[in-house]
Amino acid sequence: MYKLFDKLTSCIVIIVMTTVILNNLYFYSLHDYREAEDNQKKAQKVLEEFLIGYKIPRILEAIEAGTMQELLERFLSANRLHESTYMKISLGTSSFSSGTPDLRNKGTATFNLFKADLELVIEVWVGER
Amino acid sequence: MINTSTTLVILFSFVLCSLYILSGQRQIVNYFESSSRIATLESKVHELEVNIVTQFLNLLDANTSSREIHQYMEVSRMLEETSLQLEYTRNRMKASVSAVCSKLQENQKAEARRLEEFPQYNGTKFMLKLAYEVSDGLGNEVHGEDEVLVDYSIDFDKLLAEIDSMKAYLENTIGETDFSNMTEEQIRNYVIGLSSRYVGECRVHFSQIHLDQQSLTICCRLLCSTSFQGALDSAKRKFTVYDELSLTFYQNSAESPHIQGLEDAS
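Residue numbers (numbering that gives the first Met the number 0), protein chains in the order written: chain A, 0 to 128; chain V, 0 to 265.
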């Protein structure tokens, strides 16, 4: 009888231990979720600031003139975002990117703009290095 | 035995507590996920608005840049109500928007917001009434209506008003003049001189000033120009509006002079 209880106790201890470990893992992932959600909001804000700061006509013009790379670098360094942000802009065959793509708990924001038969895509990733 | 049972109960309580914590955390995660999806949907609604405004500006740019010189009626038609529609799918996200675009009337209050992604001009203001629908393919969807203001760099009303004003000036001034004692050459010089005395940005090109025994006919083209910047690029262009005017005065008639625009005559 005692042996049976001992076995049961051991089983329950194992279950509890497993649950506690799982719980901790979940807690960490919850932390990651919170971080990712915060970063998504930050990414959205960065995207808004970029669009409002430079305006759509100027962005299209910079892509056509091939000066978008310079504009992106200037925007990221002026807002001190180089370490935590990655931005990629593409229109047709032209593509420009700047910042750090290797980010943890990254939040992303994407903007698609259709102009005639071309699609402008602006991607912003925000996270921790 | 008691000790073992107590341990069991305590351990069972631990298990239950852990399960509660897990389910609570799952709910928090669900909340994060759904708030993130809603934030994405809201940003897509804004994206749709920017897209439909871009489409409208692209249409205006195409109309104004197609030629340097545009007829008065053609410009009036540019300001008429237009409908636009846009639909696209990206990943699982489906977005559609329809818009009724019209010029903002002077008596209309500009309470709608401007989209800050586009520059502001002192030209013509348009109002876009939007109906949008966005779904993320995961059961979340947003639909609604909105109004946004759009600026275009050409002040169309000012150009049309300049031409109207010149037309009224010529009609009134020539209509009130007694030409009976003037030679054809004097009339010609007088009429041409009138346009240079007009204070405004409108120019007149006379194509015909004809005098016979009964009537005086004056045909001319009224032109008004401005330079402007395209809404979606910074290229400087010239935009000219013109209208043809034909005035006929029956000198021996007791009736008032008959004045007619070319569109009416045709």
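Hints in this document: simulated from the structure, not taken from any laboratory.
Note that beta-carbon positions come from the ideal geometry of N, C-alpha and C, so glycine has one too.
Careful, some of the hints might be misleading.
Said to hold, decoys possible - In silico lysine-lysine, BS3-like type, Cα no more than 27 angstroms apart, as pairs: (1) Lys166/V / Lys114/A; (2) Lys54/A / Lys166/V; (3) Lys93/V / Lys235/V; (4) Lys44/A / Lys6/A; (5) Lys105/A / Lys93/V; (6) Lys237/V / Lys114/A; (7) Lys6/A / Lys41/A; (8) Lys54/A / Lys41/A; (9) Lys40/A / Lys93/V; (10) Lys128/V / Lys114/A; (11) Lys93/V / Lys44/A; (12) Lys157/V / Lys102/V; (13) Lys54/A / Lys237/V; (14) Lys93/V / Lys166/V; (15) Lys128/V / Lys93/V; (16) Lys105/A / Lys87/A; (17) Lys157/V / Lys128/V; (18) Lys87/A / Lys157/V; (19) Lys6/A / Lys54/A; (20) Lys40/A / Lys6/A; (21) Lys54/A / Lys102/V; (22) Lys128/V / Lys105/A; (23) Lys54/A / Lys235/V; (24) Lys93/V / Lys157/V; (25) Lys237/V / Lys41/A; (26) Lys237/V / Lys102/V.
What the hints assert, rightly or not - Each pair of labels, with its calculated beta carbon distance range: (27) Ser12/V / Val120/A: 27 to 37 angstroms; (28) Glu140/V / Leu29/A: 35 to 45 angstroms; (29) Ser214/V / Arg57/A: 53 to 63 angstroms; (30) Arg57/A / Glu183/V: 18 to 28 angstroms; (31) Asp5/A / Arg25/V: 26 to 36 angstroms; (32) Asn29/V / Val120/A: 52 to 62 angstroms; (33) Ala167/V / Ala115/A: 25 to 35 angstroms; (34) Asn29/V / Thr17/A: 51 to 61 angstroms; (35) Phe113/A / Glu80/V: 16 to 26 angstroms.
Do the hints match the structure? See the list:
no. : hint                                    : result
1   : Lys166/V / Lys114/A                     : violated (39 angstroms)
2   : Lys54/A / Lys166/V                      : violated (40 angstroms)
3   : Lys93/V / Lys235/V                      : violated (37 angstroms)
4   : Lys44/A / Lys6/A                        : violated (56 angstroms)
5   : Lys105/A / Lys93/V                      : holds (24 angstroms)
6   : Lys237/V / Lys114/A                     : holds (23 angstroms)
7   : Lys6/A / Lys41/A                        : violated (52 angstroms)
8   : Lys54/A / Lys41/A                       : holds (19 angstroms)
9   : Lys40/A / Lys93/V                       : holds (22 angstroms)
10  : Lys128/V / Lys114/A                     : holds (20 angstroms)
11  : Lys93/V / Lys44/A                       : holds (23 angstroms)
12  : Lys157/V / Lys102/V                     : holds (13 angstroms)
13  : Lys54/A / Lys237/V                      : holds (23 angstroms)
14  : Lys93/V / Lys166/V                      : violated (52 angstroms)
15  : Lys128/V / Lys93/V                      : holds (20 angstroms)
16  : Lys105/A / Lys87/A                      : holds (15 angstroms)
17  : Lys157/V / Lys128/V                     : holds (24 angstroms)
18  : Lys87/A / Lys157/V                      : violated (42 angstroms)
19  : Lys6/A / Lys54/A                        : violated (70 angstroms)
20  : Lys40/A / Lys6/A                        : violated (50 angstroms)
21  : Lys54/A / Lys102/V                      : holds (22 angstroms)
22  : Lys128/V / Lys105/A                     : violated (36 angstroms)
23  : Lys54/A / Lys235/V                      : holds (18 angstroms)
24  : Lys93/V / Lys157/V                      : violated (41 angstroms)
25  : Lys237/V / Lys41/A                      : violated (42 angstroms)
26  : Lys237/V / Lys102/V                     : holds (21 angstroms)
27  : Ser12/V / Val120/A: 27 to 37 angstroms  : violated (53 angstroms)
28  : Glu140/V / Leu29/A: 35 to 45 angstroms  : violated (27 angstroms)
29  : Ser214/V / Arg57/A: 53 to 63 angstroms  : holds (57 angstroms)
30  : Arg57/A / Glu183/V: 18 to 28 angstroms  : violated (57 angstroms)
31  : Asp5/A / Arg25/V: 26 to 36 angstroms    : holds (33 angstroms)
32  : Asn29/V / Val120/A: 52 to 62 angstroms  : violated (30 angstroms)
33  : Ala167/V / Ala115/A: 25 to 35 angstroms : violated (41 angstroms)
34  : Asn29/V / Thr17/A: 51 to 61 angstroms   : violated (23 angstroms)
35  : Phe113/A / Glu80/V: 16 to 26 angstroms  : holds (23 angstroms)
Figure legend: structure checked against the earlier numbered hints; hints not met, in rising order: 1, 2, 3, 4, 7, 14, 18, 19, 20, 22, 24, 25, 27, 28, 30, 32, 33, 34.
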